[in-house]
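What follows is each chain in one-letter form.
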Amino acid sequence: MRKFLLYTNLSVLFGMFLSACVTINIYFPAAAAEKAADKIIGEVWQLEETEE
Amino acid sequence: MNRAIPYLLLLALFLLSQVVYADANANLEVNTPAIASVKQSMQDRHAQLVTYYEGGAVGFTKDGLLALRDASVVPLAQRQAVNALISAENQDRNVLYREIARANNHPEWENNIRTTFGQRWIKLAKAGWWYQAANGSWAKK
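One line per chain: the protein sequences are A and B, in this order. So the mapping is simple: the working numbering equals the position in the first sequence, first residue as 1, plus 12. So the mapping is simple: the working numbering equals the position in the second sequence, first residue as 1, plus 5.
The shape of chain A in the complex, shown without the other chains:
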């Protein structure tokens, strides 16, 4: 029983560690950046929404 509890605790900690790794977003979000760029360029150049 005690041993089981220890394993559970460890797995919780490990799970937190893993998800923390995911949360620290070290990868550049290319798709989001493209969307942001298009929005800003559209405003600066005053493009219509439908215009490419």
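Keep in mind that the hints were calculated from the coordinates and are not lab data. This structure is a prediction, so every number in the text was calculated from the model and none was measured. Check each hint, because a few of them may be wrong.
[Said to hold, decoys possible] Simulated pairs of lysine-lysine, DSS-like, Cα-Cα distance not exceeding 30 Å:
| id | chain 1 | residue 1 | chain 2 | residue 2 |
| --- | --- | --- | --- | --- |
| 1 | A | LYS15 | B | LYS131 |
| 2 | B | LYS131 | B | LYS67 |
| 3 | B | LYS131 | A | LYS47 |
[As the list claims (entries may be wrong)] Simulated coverage check for chain B against chain A, where a stretch passes if three residues somewhere in it have a Cβ under 8 Å from a Cβ of chain A:
| id | region |
| --- | --- |
| 4 | 98-104 |
| 5 | 134-145 |
[Said to hold, decoys possible] FRET-style restraints, in silico, Cβ to Cβ:
| id | chain 1 | residue 1 | chain 2 | residue 2 | range |
| --- | --- | --- | --- | --- | --- |
| 6 | A | GLU46 | B | GLN53 | 58 to 64 Å |
| 7 | B | GLN83 | A | LEU59 | 41 to 47 Å |
| 8 | B | ARG84 | A | GLU46 | 30 to 36 Å |
| 9 | B | ARG8 | A | MET28 | 26 to 32 Å |
For each residue, glycine too, the CB sits at the ideal point set by N, CA and C.
Based on these hints, arrange chain B on the given structure of chain A.
Showing chain B alone in chain A's frame:
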């Protein structure tokens, strides 16, 4: 055995909260006073620059800036004004890229943002405007 359940529940909740957090990050933050002001200044300048885009005097570089592509199409009297426009615009663009990176708490993203913008300015440029291809040569859209 039953004592493990609260821990597992806690773990599940924690993982779920991470997913929600990651989802909220799907957009880049671009609404800061610094970005708004540089955007406004670029928008005001665009009306003056557009003539030179169309005439081929000014082109888009692959690193998200402007360059004087062909000075010969600009009357001598205007050349200084064009250079001033280009340098002011490039200054604003550099600030824009840096501020977006900073607004998202990743100053090290500045160059990625610059590259992304470089591609999008060219992609959204109108037919007849000039841009720098990947190999550095000038091409007309």
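Outcome of the hint check:
1. A/LYS15 <-> B/LYS131: violated, 68 Å
2. B/LYS131 <-> B/LYS67: Measuring from Cα to Cα gives roughly 16 Å; hence the hint holds.
3. B/LYS131 <-> A/LYS47: Roughly 19 Å between the alpha carbons, so the hint for B/LYS131 and A/LYS47 holds.
4. 98-104: violated (count 1)
5. 134-145: Three-residue rule not met by the region 134-145 of chain B, so violated; n is 0.
6. A/GLU46 <-> B/GLN53: 58 to 64 Å: violated, 27 Å
7. B/GLN83 <-> A/LEU59: 41 to 47 Å: violated, 26 Å
8. B/ARG84 <-> A/GLU46: 30 to 36 Å: holds, 35 Å
9. B/ARG8 <-> A/MET28: 26 to 32 Å: Distance hint for B/ARG8, A/MET28 is violated at roughly 19 Å.
Going down the numbered hints, you'll see the structure goes against 1, 4, 5, 6, 7, 9, while the others check out.
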